[in-house]
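Asks: Heads up: the protein sequence lines correspond to chains A and B, in order.
Residues 1 to 171 (this note's numbering) make up the first sequence, in order.
Residues 1 to 552 (this note's numbering) make up the second sequence, in order.
Ranges between beta-carbon positions, derived for each pair:
#1 A:Gly54 - B:Asp30: 35 to 41 Å
#2 A:Arg133 - B:Val47: 22 to 28 Å
#3 B:Leu27 - A:Thr70: 43 to 49 Å
#4 B:Ala291 - A:Thr70: 40 to 46 Å
#5 A:Glu139 - B:Pro33: 20 to 26 Å
If you are wondering where the hints come from, they were derived from the structure by calculation, not from laboratory data.
By construction, the Cβ of each residue, glycine as well, lies at the ideal position given by its N, Cα and C atoms.
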Amino acid sequence: MARLIKDRVIADDQWELIREPIDADALRALSGRNVILPLSSWLELHEAQPSHQGLLGVWLKNTELPESITPWLPRIPLIALDFPVFTDGRAYSSARELRQNLGFEGELRAIGDVLCDQLFYMSRCGFNAFAMRADQDLEAAVRRFDDFKDAYQASVLNPEPLFRRRSCANG
Amino acid sequence: MYRYDNYDHQMLADRIAQFRDQTSRFLRGDLAPAEFLPLRLQNGLYVQRLAPMLRIAIPYGMLSSKQLRKLAYIADHFDKGYGHFTTRQNIQFNWPAIADVPDILAHLAEVEMHAIQTSGNCIRNTTTDQFAGAAANEIEDSRPWCEIIRQWSTFHPEFAFLPRKFKIAVCGTQDDQAATQVHDIGLFIVRNEEGELGFRVLAGGGLGRTPVIGKEIRTFLPWQHLLSYLDAILRVYNREGRRDNKYKARIKILVKETGIEKFQQKVEKEWLALKDGPLTLTEAEFQRCKAFFKDPEYLPLEAFSPELEHALNTDVLFAAWHTQNVNAHKKPGYSIVTLCLKATGIAPGDITSEQMRFVADLADRYSFGELRVTHEQNLVLADVARKDLYALWRALKSQDLHSPNLGLLTDIVCCPGGDFCSLANAKSIPIAESIQRRFADTERQRKIGKLSVNISGCMNACGHHHVGNIGILGVDKKGEEYYQVSLGGSAENVTALGDIVGPSFAQEDIPDVMEKLIGVFEQHREQQERFVDTYRRIGMEPFKEALYGKAD
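Isolated chain A (complex conformation):
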């Protein structure tokens, strides 16, 4: 079973990521497993969920907007956002959109070119699970969450920006 970082701890991955679109038959073959579907497949198949033994999550390309799944957000257990290359930062905005504007509370997972040096920013944008690129050292990566003790901006972890906290604390 693949390993990932979830809530700052190295854990077994309980999900299977389906990269290419699949049809209902293919989904039936996966019954009993937790699967993360591409958006197109998820939109088509998730209503059939009762027949699927196991959970259904969805992953978004960085060109697919979170608004496309707004109506179902309270019922989605996992959303994964893809980083085709780590320098493409669109998913950071999607993550904040999901957490801050749309109130998504399930697992928000970074997939694709996920490297240890970006974990701090990703976590502050609301990602709580990280399926790291295969060559990454997970033990070392976990320590990256503590690279900084604080930050100026509001973030999903700390919705009060520093200026709302610092005024009386220290001068």
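Fit chain B to the supplied structure of chain A, relying on the hints for placement.
Replies: For chain B alone, coordinates are given in the frame of chain A:
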């Protein structure tokens, strides 16, 4: 000036530890060059033609004498004894070793400085008017707002991997000196009819390959909403800005392709979701930041200084410098002094470590220990008592820092060009020097009057050639360095992009080209008209004709 508290210090310490780890992983081979690249760029570190280049942030151009002395120390210990001020009010060093950079950053942290986000596809150093807080024609001091933006943009988790770099300028004066209209976001501090403070917001300006003047997307943004509005603009850009082509990735292209109205709607929609949330600025925070920029302990001085008057009447060289390099101050008896770092034979914006220390001492003695860096690559002592001007000038003269050419033809804005920069198509420093040598006669320069000459060694336009009254762009023509000339650009209130005159010229022809352009100007000039005004009045044709002969 802004002073760090424990939070600011801690963040800088954490950053240095992080970068030290990243650098050592890179040097060990554990971090691939392509993965180290954006990390080092976001710490100001480029790998250049001859050596790495480290660009250090000077937030909105404000510099203390103590910080300048530290820069001198770095120049001596890690570089070749000089630094180069940039058109983003920053300073760069051209010769540090990669392995030394974490130590350099630790030295900088001691004086509350850093190299954070001075490069890379992220939000860069916010720039403003170099006379902020001292200018006679100020609406509101822009520096507290720049500091608020600095903190908001520093390590912003959402905007570290934008499609391209992102530059913000703030203008709080009547006469824009910050080239605000050619920034990704330009903020003009304004008051509405009720007298409330806010911002007129421009977006989509920029220089580079496709120069564009920013368009207004909000006439009045109440100051409380500044950060949520910036977040909204950046989010729309981060999501929708083009990533398929580096040369079409700036926000100006997105605004152009989307259309200003539709872009504005998208921003408003995003903003409504954020508005009135925790990002709303508080009066307490505004006052906290404002307090850092309160007036220094000005002496109650008479506007008229007999000592100064005497010197002006007896020393013509001083008087010439005074006319050119000294500006009006809001306090009676005080002036703003600009040290023009454009002596002939010195790369524009370069300063030696010895000069840095010397200027730091002068700042302590004459200007409350503070300086500003200008985007025209000069230094400013913003609070000098008029009675001290003559003594200051004599001191500057001893170090060759008294060039009386501020705003004149030889006050050339110039990027490092092909001598240093690996992006350049052509050299720019020798071009600047050849023009300075041709027009060395300061009396003649004064007669020609206000004229900006901006030189870039490539399309990236670090030398702001598009907004020079005369712009010079280095181009590659079958492996040879050629120079394209444009006329009529301006970064002032009436911002304009220069028009290209025609086919480019060889390097050795540039002084003659300049001579011909000035000749046309002198021939058509009415009274004391400025070059750019003559150009606007008579148009391109007479200049073109002088350069290429009559078109039939």
